[in-house]
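Trainee: Model the full structure from these sequences, guided by the hints.
First to last, the protein sequences are chains F and A. When we follow the working numbering, the leftmost residue of the first sequence carries the number 184, and every step to the right adds one. When we follow the working numbering, the leftmost residue of the second sequence carries the number 184, and every step to the right adds one.
Just so you know, the hints here were simulated from the structure itself, not pulled from any lab data. Heads up, some of the hints might be wrong.
Which copy is meant is left open, because identical chains are indistinguishable; a pair holds if it fits in one copy or across any two.
[To be verified] Only pairs whose alpha carbons sit at most 25 Å apart, straight line, appear in this in silico SDA-like list of lysine to any residue:
no., residue 1, residue 2
1, K624, L667
2, K624, R595
3, K624, P651
4, K624, E658
5, K426, R375
6, K426, V454
7, K426, R404
8, K624, A605
9, K426, L379
10, K426, L237
11, K624, L606
12, K426, S240
13, K624, E662
14, K624, R597
15, K426, D460
16, K624, T602
17, K624, E664
From a predicted model like this one, the values you see are computed outputs, not experimental measurements.
2 protein chains.
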Amino acid sequence: MSSTAAPGTGSGPATPAGDGPAGQVPGGRRGLWSVDDHLADVLGAIQPLDPIDLPLSDALGCVLVQDVTVTVALPPFDNSSMDGYAVRVADIARAGEDAPAVLTVVGDIAAGSGEARTVGPGQAARIMTGAPLPPGAEAVVPVEWTDGGTGGGPATAMRPAGAAPQGATGEVRVYRPAAPGAHVRGRGSDARAGDLALPAGTVLGPPQIGLLAAIGRGTVRVRPRPRVVVLSTGSELVQPGEKLGAGRIYDSNSFALTAAAREAGAIAYRVGAVTDDADELRATIEDQLIRADLLVTTGGVSVGAYDVVKEALSAAAEDEPGADEPGAEEPGDEERGGGVGPGGRPRPAGGVDFRRLAMQPGKPQGFGTIGPDRTPLLALPGNPVSSYVSFELFVRPAIRALMGLEDVHRPRVRAELRTDEALTSPEGRRQFLRGAYDAEKGTVAPVGGSGSHLVAALARANALIVVPEGTTTVEPGTETEVVLLG
Amino acid sequence: MSSTAAPGTGSGPATPAGDGPAGQVPGGRRGLWSVDDHLADVLGAIQPLDPIDLPLSDALGCVLVQDVTVTVALPPFDNSSMDGYAVRVADIARAGEDAPAVLTVVGDIAAGSGEARTVGPGQAARIMTGAPLPPGAEAVVPVEWTDGGTGGGPATAMRPAGAAPQGATGEVRVYRPAAPGAHVRGRGSDARAGDLALPAGTVLGPPQIGLLAAIGRGTVRVRPRPRVVVLSTGSELVQPGEKLGAGRIYDSNSFALTAAAREAGAIAYRVGAVTDDADELRATIEDQLIRADLLVTTGGVSVGAYDVVKEALSAAAEDEPGADEPGAEEPGDEERGGGVGPGGRPRPAGGVDFRRLAMQPGKPQGFGTIGPDRTPLLALPGNPVSSYVSFELFVRPAIRALMGLEDVHRPRVRAELRTDEALTSPEGRRQFLRGAYDAEKGTVAPVGGSGSHLVAALARANALIVVPEGTTTVEPGTETEVVLLG
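Mentor: Here you go:
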């Protein structure tokens with residue numbers, strides 16, 4: 184039996200951003216943030232997008248921000264649930280197969296008819312499904328209970344009105360009695376004016392869209408889909424389809440993460456790979472801010488000499504002009520950052536904090552806000568598997584939080600580990616291995632190794648196997664936690 | 184434990200279209216088609232769309248039509264998995280915390296570097312994650328195992344190259360030995376040239392898109408998303424947001440089904456409601472054919488005098504000029520139709536067959552092909568619940584079959600019925616009641632009644648409760664079949 188996930192898994196409650204004990208680096212002495220602390224920091228800084236009025240046709244998948252009440256009763260008037268004849272029940276009380284009631288047909292009521300003639304004693308009106316019950320009538324007898332006005336015995340259908348206009352006149356034989364209200368849908372029997380149609384927070388799927396249309400709502404106030412800009416960094420990156428030079432690789436992250444952002448519900452824009460030049464990166468990001476509710480970068484966040492995202496965007500770089508100078512970077516310096524830095528200093532208003540997570544893959548991560556609107560930015564590591572796993576764990580929840588969804592996480596289940604050899608995991612890190620989950624059997628098998636460059640294996644996985652921080656070996660047959668992807 | 188559904192449920196194997204016993208009407212004497220027979224007829228007539236080459240960015244969710252093999256090894260060259268120093272292992276074999284190996288730094292290798300200097304005995308090259316291993320080097324030592332060239336003890340990071348260009352020269356102290364190949368990702372260790380990257384039939388999710396990008400594919404041959412045109416019929420229909428006149432209701436079907444088609448993976452176009460005029464409907468459909476891979480109509484398929492879809496599109500109307508004339512429609516006439524009509528006559532090449540299904544809701548249905556390209560058309564009943572349930576059971580699988588997906592059906596599970604009173608269902612009909620499924624408890628409760636106008640209840644449901652044809656009463660606590668929606 185599957186269960187929807189709690190955000191954290193195992194390693195204690197997350198420290199809300201800016202709410203941690205002053206002077207204490209999240210994650211403790213080694214400067215490593217826990218997965219949960221980082222996630223809490225991200226989600227704590229994300230506000231759902233401001234609501235807008237959208238045409239109903241554009242609101243699929245969006246979250247309603249206010250209760251919608253019914254203003255027009257559903258259905259708005261008593262109407263027929265069958266094609267047949269509207270009658271007075273006394274007239275057909277004794278009708279039978281051998282003794283049909285013979286009624287005078289006084290007209291035709293199509294769906295959409297306005298004023299209808301009153302049905303008097305001994306009379307009937309031919310009526311279509313959805314058409315308003317005429318005054319005087321108390322029930323509808325289906326056409327199959329009549330001769331359809333043909334005089335030729337029980338009917339199975341009416342003739343098309345265009346071909347047989349005389350069907351709305353003459354006589355009809357009714358072979359069965361009907362109770363008052365039979366085959367009549369009463370006004371308001373589905374919903375009454377003033378009823379709550381949908382509460383705030385409802386995610387609009389097709390049936391909810393249908394209900395809003397049915398009660399006459401042409402537009403609806405929802406949180407829009409977030410616009411997510413994805414850019415990859417790295418002077419080694421080549422656009423797929425182009426020629427690959429020596430020492431170069433194809434850019435895959437921006438394609439994979441743009442697709443993943445779309446799947447998460449975002450309107451995603453892929454920006455071509457940016458080279459490892461801090462000025463170029465800053466300029467590109469500045470250009471993109473206009474259309475971004477969230478920015479995602481990949482690469483350049485680690486400890487290398489060309490880690491451009493870190494160089495261009497780090498909070499330290501903005502706050503401390505001297506940080507660029509030789510000698511300003513000391514061992515331990517990168518432990519700084521986060522919602523609360525050493526000394527309890529709150530995160531700078533603009534700028535991105537780079538931190539190391541107790542996680543594999545995905546150790547180096549950046550998070551912060553940028554630009555005049557404080558647009559959130561997640562800087563993911565550049566290895567393809569690291570960036571994808573980071574997206575699943577941090578960006579996808581952020582996108583869904585922007586949408587105002589309550590359930591921002593992938594479902595998690597427990598499954599029996601199927602593997603020939605025990606899995607090994609580094610001490611103190613939460614490991615996310617790619618796995619093939621079998622729902623029928625309740626099992627999961629590792630796919631490929633732990634290398635963060637194994638994109639071919641990633642493409643064969645449908646789950647992430649979670650190995651907790653305190654666990655270094657997982658024996659075959661162990662029940663393990665699994666994050667279900669896609 | 185949930186399971187993916189088999190297409191049919193319970194009532195025997197489906198009769199493939201055009202393959203039934205000659206002279207036998209599917210469903211037998213009463214002229215009712217089973218749900219399974221109708222579904223088999225629809226799916227039997229649907230061909231997956233012809234494949235096209237799509238840019239990778241547009242291929243999310245599409246199905247690959249040919250095997251994709253790896254042409255460039257992944258990774259394409261031996262490269263570093265860490266930021267650090269490329270070394271010869273003999274030079275650092277006896278390195279220790281107190282006795283570091285001191286190597287001459289001969290240069291800097293950033294990711295994307297082409298030709299690199301050979302690393303000779305006693306030398307090292309500073310190297311970044313993803314950068315090609317230089318000639319002569321056998322392993323990489325992470326920067327954290329060195330002094331980072333600072334002479335100041337173990338380092339935690341490199342200085343940004345822009346700020347500290349001298350990092351690529353001078354000396355570096357290495358505090359630990361490394362084995363050959365340490366922190367090196369070998370060429371082809373993820374995938375080798377000639378390997379099968381993805382087999383035909385793969386559904387392209389984000390990781391698969393990423394893999395295709397990684398091996399340099401800028402475009403990919405897939406089946407496109409089907410273009411689905413949805414139109415509702417009925418003179419009573421008013422566009423949401425406009426004023427509702429007497430006897431009129433808002434058009435909800437076209438909104439709900441367009442949304443549902445999008446959710447199923449289609450590119451969906453909503454056409455405004457068409458009045459009950461056969462010529463107007465034919466003209467509208469003709470106009471829409473140009474952009475339709477599949478047409479869906481709602482309303483006008485039953486036995487009423489204004490059932491315009493049936494009037495405008497029925498195969499009989501096209502085949503038999505006399506069918507429009509009075510007297511041509513006899514009792515039992517509507518039993519005709521389907522893949523094999525009475526007398527084993529195959530379905531007319533163009534035209535839509537209207538039939539009754541042993542189903543509630545959704546008894547009247549039409550299916551066929553139309554126009555010069557034999558575009559498939561499903562004509563659904565007009566009641567909102569009927570049309571939505573019909574969409575789920577027949578149109579969604581059709582859309583997914585057009586996409587070339589193998590798994591076209593919603594998942595089905597078994598759940599315990601939670602209800603105060605027994606459910607009742609008409610004899611001989613397969614009933615689909617709206618339900619609220621609780622995955623945690625494995626239970627399902629009916630939501631609203633069986634009325635096919637109850638759209639408010641539909642909007643609170645997440646499942647359909649299936650009551651088989653032979654069952655007329657379902658007691659509380661019974662294990663029942665449930666179709667999971669959304």
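Trainee: All hints, please: hold or fail.
Mentor: Results for each hint:
1. K624 / L667: The answer is both: 15 Å in one copy and 20 Å across copies each meet 25 Å.
2. K624 / R595: both (16 Å within a copy, 16 Å between copies)
3. K624 / P651: Result: close within a single copy only, 23 Å intra versus 28 Å inter.
4. K624 / E658: within (18 Å within a copy, 30 Å between copies)
5. K426 / R375: Answer is between: at 18 Å across copies they meet the 25 Å cutoff, but 65 Å inside does not.
6. K426 / V454: within (19 Å within a copy, 45 Å between copies)
7. K426 / R404: Classified as between; 20 Å across copies, 48 Å inside a copy.
8. K624 / A605: within (20 Å within a copy, 33 Å between copies)
9. K426 / L379: Between copies, since 21 Å is at most 25 Å while 59 Å is not.
10. K426 / L237: between (44 Å within a copy, 19 Å between copies)
11. K624 / L606: For K624 and L606, the Cα distance is within 25 Å only inside one copy (20 Å; across copies 33 Å).
12. K426 / S240: between (42 Å within a copy, 19 Å between copies)
13. K624 / E662: both (13 Å within a copy, 21 Å between copies)
14. K624 / R597: Close inside one copy (12 Å) and across copies (16 Å); limit 25 Å.
15. K426 / D460: Within one copy, since 22 Å is at most 25 Å while 59 Å is not.
16. K624 / T602: Within one copy only: 14 Å inside a chain, 31 Å across chains, cut-off 25 Å.
17. K624 / E664: Both, since 15 Å and 20 Å are each at most 25 Å.
Consistency with the previously given hints is maintained throughout, with no hint failing.
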